[in-house]
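There are 2 protein chains.
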Amino acid sequence: MLPSAESMTPTMHQVDVDLADRSYPILIGAGLLLAPVISDRLPAASKALIVTNDVVGPLYAHRLNALLGRRYAETIVLSLPDGETHKNWETLSRIHHVLLQQACDRDTIIFALGGGVLGDLAGFAAATYMRGISYVQVPTTLLAQVDSSVGGKTAINHPLGKNMVGAFHQPSMVLCDTATLVTLPKREVSAGLAEVIKYGPISDMIFMDWIEENIENLRAGDQAALAYAVRRSCEIKAAIVSADERESGRRAILNFGHTFGHAIEAGLGFGRWLHGEAVGCGMVMAARLSQRLGLVEAAFVERLTNLIRNAGLPTVGPNLGIGRYTELMRVDKKAASGENRFVLINGPGHAILATAPTAMVEDVLRESCRDS
Amino acid sequence: MLPSAESMTPTMHQVDVDLADRSYPILIGAGLLLAPVISDRLPAASKALIVTNDVVGPLYAHRLNALLGRRYAETIVLSLPDGETHKNWETLSRIHHVLLQQACDRDTIIFALGGGVLGDLAGFAAATYMRGISYVQVPTTLLAQVDSSVGGKTAINHPLGKNMVGAFHQPSMVLCDTATLVTLPKREVSAGLAEVIKYGPISDMIFMDWIEENIENLRAGDQAALAYAVRRSCEIKAAIVSADERESGRRAILNFGHTFGHAIEAGLGFGRWLHGEAVGCGMVMAARLSQRLGLVEAAFVERLTNLIRNAGLPTVGPNLGIGRYTELMRVDKKAASGENRFVLINGPGHAILATAPTAMVEDVLRESCRDS
Chain A
1 MLPSAESMTP TMHQVDVDLA DRSYPILIGA GLLLAPVISD RLPAASKALI
51 VTNDVVGPLY AHRLNALLGR RYAETIVLSL PDGETHKNWE TLSRIHHVLL
101 QQACDRDTII FALGGGVLGD LAGFAAATYM RGISYVQVPT TLLAQVDSSV
151 GGKTAINHPL GKNMVGAFHQ PSMVLCDTAT LVTLPKREVS AGLAEVIKYG
201 PISDMIFMDW IEENIENLRA GDQAALAYAV RRSCEIKAAI VSADERESGR
251 RAILNFGHTF GHAIEAGLGF GRWLHGEAVG CGMVMAARLS QRLGLVEAAF
301 VERLTNLIRN AGLPTVGPNL GIGRYTELMR VDKKAASGEN RFVLINGPGH
351 AILATAPTAM VEDVLRESCR DS
Chain B
373 MLPSAESMTP TMHQVDVDLA DRSYPILIGA GLLLAPVISD RLPAASKALI
423 VTNDVVGPLY AHRLNALLGR RYAETIVLSL PDGETHKNWE TLSRIHHVLL
473 QQACDRDTII FALGGGVLGD LAGFAAATYM RGISYVQVPT TLLAQVDSSV
523 GGKTAINHPL GKNMVGAFHQ PSMVLCDTAT LVTLPKREVS AGLAEVIKYG
573 PISDMIFMDW IEENIENLRA GDQAALAYAV RRSCEIKAAI VSADERESGR
623 RAILNFGHTF GHAIEAGLGF GRWLHGEAVG CGMVMAARLS QRLGLVEAAF
673 VERLTNLIRN AGLPTVGPNL GIGRYTELMR VDKKAASGEN RFVLINGPGH
723 AILATAPTAM VEDVLRESCR DS
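For the protein sequence lines, the chains are A and B, in the order given.
Sequential numbering of the first sequence, starting at 1, is according to my numbering.
Sequential numbering of the second sequence, starting at 373, is according to my numbering.
These aren't lab readings, by the way, just hints derived from the structure by calculation.
Quick caveat: nothing in here was measured; it's all calculated off a predicted structure.
Don't be surprised by glycine CBs; every beta carbon is placed ideally from N, CA and C.
Each hint should be verified, as a subset may be incorrect.
Which residues of chain B face chain A? A partial, calculated answer using Cβ under 10 Å [claimed, not checked]:
1) H469
2) G504
3) M536
4) R622
The calculated lysine-lysine pairs, modelled on BS3-like cross-linking and capped at a C-alpha distance of 27 Å, are [as the list claims (entries may be wrong)]:
5) A:K162 / B:K419
6) A:K162 / A:K186
7) B:K558 / A:K47
8) B:K534 / B:K558
For reference, chain A alone in the conformation it holds in the complex (with noise of 0.2 Å):
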């Protein structure tokens, strides 16, 4: 499926996230890893570290490796344990340690190869060496190659919440090369195809039209079919992301389910399900949530609910006590004044901010679990 290197011509799309002297490209396409001439758009630095991990770096550390030896004068790998429960200060420090170790000054760049966790974690490493150096996502899952690695928001788990100490830092470029994807597991296409099926509700109804004719194929890692889901996602995520940086307002719409979906992940323990499952099975929760308030029809939540499942996410949430969901969802950090705020479908293709009554969220959530 992969062309040779050298007859690599691979059609490639640029996406630009808009962010004044922080903005940078999204570039995408089947096979850029093998693609020589991706080596003269990196940025300029003095040496290179990729840090990856055990899972993804055996896989696709030589050709990342191959391609930063075209441009920088030392490359160093650093390869970590896989997983969200090492998305801690300890993995942290270790990237921290290798720096400083090597040497490494204000001149280098971090590579972050590998799926969310890793982005996060190696995203906040630059973020905080020396006060912040440059980094380039490569992402190699479907979630996040559609969501995470977009952005600029880097985080480590604090044994009390997900993604709680952290920091905003934009990397310099993000290369997503659909080709990584033939190597990821069924249960990872699903759990990606949640933030892609998240951009129609919240934003475009053309794309849920599309996702719903296309989700066979993406499940089946149809290349054309992802490279498409991606490019689009990541449109939309850029538009949303160079409005609102900070995440101060519109921005927060990107976490619909996400405040269910955090709630699950930490009552379960983090990585029992994985992001996108928990997710998945948050946005019903946010879609019902929105029903009730008068704000979609049965129709639309249906709908979405279907095509959850069709993505071969859980739509039915685990059954951890009512009492302890509203403590979990508290804490979650979109809390403004210690209030809960949700995002919701105010309407299909359009989300809002807004609280909801206590009573309403605890029906939402005895309806959603009833089964498990």
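Guided by the hints, dock chain B onto chain A, whose structure is given.
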């Protein structure tokens, strides 16, 4: 010496740090913490967390707490152990822990009440909690009032290097109550004077004349002299920071004496010498290097050395060994592309950034450590 709260109409000077949407005022005056009028100037927030240490807290936390009680619905106080050895991840995580435990959201504001170590630490907690919340610096040491509280540099130490993990995160306000300096130990007054003296050679020789004339008053804790030193230092620093927020160029001149100084601190183990003591001695070394490069006369080096000595600061470096010094300086974060740059005095009142031949640096170290 301090007027009562009722009679309080302190003389207040305001210096502005001009950084577009990140601009903020530095308020300077004796007794500001006892002036109810200040509470109207404080930034809006739903909740405040005072972060202080077990030395400063017992002296001034009640004053700040009373002031904040006029402005915020809730104020929490967190007291941490004092000292450079606690400027690490464990202490940072304690701040995050309290914020999460108290369900603090992004609308919470941190007040950093203490010296430079505390300000760096609490500032970095603000920079990283939920990807950044507001904070106010309330410096209670001379060093923090004239230098570290202004400019948004926040950090913690890494086992392999001082201030290696941090962020640029501007405070919303700096509140310098010079009355808090009356409780400052003599040794810390001297350490603070190192950073005051610094502004002379790098930027303002008229200020250097003034410092020379007033050095005894400053060491004796004369309120008017200290207030002027704080004000003029903040004016110079604010102008430099406003022109180069993230130290991509000119701002680095504020590190005069710091490359040598950091090596002294790291070589002895952090905390053995106070930061200002190491910087004082480092300025002597940097001035000597400037002289060897033909940038200043011997008379200037002698004049600066005398002033540093008269401030109660060491002018002879500890004997770490030349190899250890150069090794420690190589990791210093001002190194660009692996080569060490120094802040040098290019004629009194003018600083430049330049490299220097290794042999010359070693000669300076031999000359500057010979008596130890």
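Quick rundown of the hints versus the structure:
1. H469: holds, 6 Å
2. G504: Where the cut-off is 10 Å and the nearest Cβ of chain A is about 6 Å from G504 of chain B, the hint holds.
3. M536: holds, 6 Å
4. R622: violated, 15 Å
5. A:K162 / B:K419: Status holds; Cα separation ~22 Å.
6. A:K162 / A:K186: It holds: about 25 Å lies between the C-alpha atoms, which stays within 27 Å.
7. B:K558 / A:K47: violated, 45 Å
8. B:K534 / B:K558: holds, 25 Å
When each numbered hint is compared with the structure, violations occur for hints 4, 7.
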